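Engineer: Chain order of the listed sequences is D and A.
Just so you know, we're using the working numbering here: the first sequence kicks off at 1 and counts up by one.
Just so you know, we're using the working numbering here: the second sequence kicks off at 1 and counts up by one.
If you're looking for bench data, these hints aren't it; they were derived computationally from the structure.
Hints are not guaranteed to be accurate.
Here are the simulated distance ranges between beta carbons [as the list claims (entries may be wrong)]: (1) D:His45 / A:Asn87: 16 to 26 Å; (2) A:Asn42 / D:Phe172: 13 to 23 Å; (3) D:Gly28 / A:Asn15: 51 to 61 Å; (4) A:Ser32 / D:His45: 35 to 45 Å; (5) A:Lys72 / D:Thr10: 27 to 37 Å.
These numbers were taken from a predicted model, which means no experiment stands behind them.
We put the CB at the ideal spot given by N, CA and C, even for glycine.
Letter by letter, the chains look like this.
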Amino acid sequence: MSVVYVNNITVDSGEDFSQDFTLYETGGKLVDLTNYTAKGQLRKHADSNTAITFQIEYIDRVKGKIALNIPRWTTSLLKSGRYVYDVMVTKPNGNREMVLEGTALVRPGVSKSPEFSSPGSDDRTCIAVISSSGVGIGTTSEVLNKWEQFRTTFPNRTFYLLQPTSDGFGNFVTETDWDALRVPDNFLAETTVNISPLI
Amino acid sequence: MYNYTGSETRSEIANGLTYGPVKVNIDNGDVSSASDWFDICNLSSLPEGSHVAIFIDNSYATQASYDALVTKLTAKNITVITVDYFNQDWISPFIFNDLSGELS
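Start from the sequences, fold in the hints, and give me the full structure.
Structural biologist: And the structure:
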């Protein structure tokens with residue numbers, strides 16, 4: 001079992017962040033990360049609905065060395081203050097373990113340069129992955145209004161609606177699938193479905 | 001709901017920005033069952049430094065696909081903003097939590 005390593009980090013807004021970590025088993029043995037995958041996220045607080053995903057670099061898998069990276073165009077999104085982060089690994093057998101956690105102090109950047117500014121959010125790609133919708137989506141008219149609000153606010157954003165199903169990728173969606181997702185008419189009127197590469 | 005016959009496409013009236021629903025695999029963490037979301041969503045065309053916002057209702061069902069996507073995006077220096085939500089509303093997270101591009 002790996003040791004959960006608590007380490008508080010400092011991130012400077014608008015600058016590249018990178019910090020190395022060495023992971024140990026209980027008892028001090030290095031964790032061999034061969035065939036492991038790792039995922040780390042930074043949030044404003046544990047219950048926050050949004051997160052930044054670390055770019056994880058495997059410096060030396062056998063010696064348990066990884067680096068957490070956040071590019072400057074992403075740190076520039078962060079307001080100064082305290083955040084929390086954690087890193088979880090998935091072992092080759094599918095078991096998962098938390099290996100790193102702590103707080104992140106985000107400090108405001110001193111200098112601002114055009115190269116530090118993040119690409120605009122106006123044309124961000126959005127991906128929703130959901131098998132069926134019900135709780136919280138609202139009535140038919142409410143869903144219609146939500147989609148209208150999204151498109152009014154972000155007319156240039158690309159949006160993909162992915163639906164995990166038992167028959168899976170490569171099969172046509174049908175009216176039954178659309179109804180399961182409570183897809184509103186104004187979404188259907190502008191979407192592209194059932195053509196390559198979508199099937 | 002829309003009078004859909006089940007065999008047509010909407011490409012003739014599509015805006016070119018909205019896609020789906022697109023069926024993808026339930027992988028339950030099994031890499032061999034994963035779908036290539038990077039390819040399906042044509043993300044290879046995004047430039048370095050772009051941002052992708054993702055909302056997932058049941059992360060375990062598609063964990064392998066998600067992990068593969070994040071690996072490909074981070075390799076291209078594309079930032080992934082994961083938007084969790086505690087109900088099955090797939091629109092609101094992109095309006096509110098992701099409105100300004102900052103973490104809430």
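Engineer: With reference to the structure, classify each hint as holding or not holding.
Structural biologist: The hints, checked one at a time:
Separated by about 19 Å at the C-beta atoms, His45 of chain D and Asn87 of chain A satisfy the suggested range of 16 to 26 Å. Against the hinted window of 13 to 23 Å, the Cβ-Cβ separation of Asn42 of chain A and Phe172 of chain D comes to about 19 Å, which satisfies the hint. Between Gly28 of chain D and Asn15 of chain A the Cβ separation comes to about 58 Å, which falls inside the hinted range of 51 to 61 Å. For Ser32 of chain A and His45 of chain D, the hinted distance range of 35 to 45 Å is satisfied, since their beta carbons lie about 36 Å from each other.
Between Lys72 of chain A and Thr10 of chain D the beta carbons are some 29 Å apart, a value that agrees with the proposed interval 27 to 37 Å.
Of the numbered hints stated above, none is contradicted by the structure.
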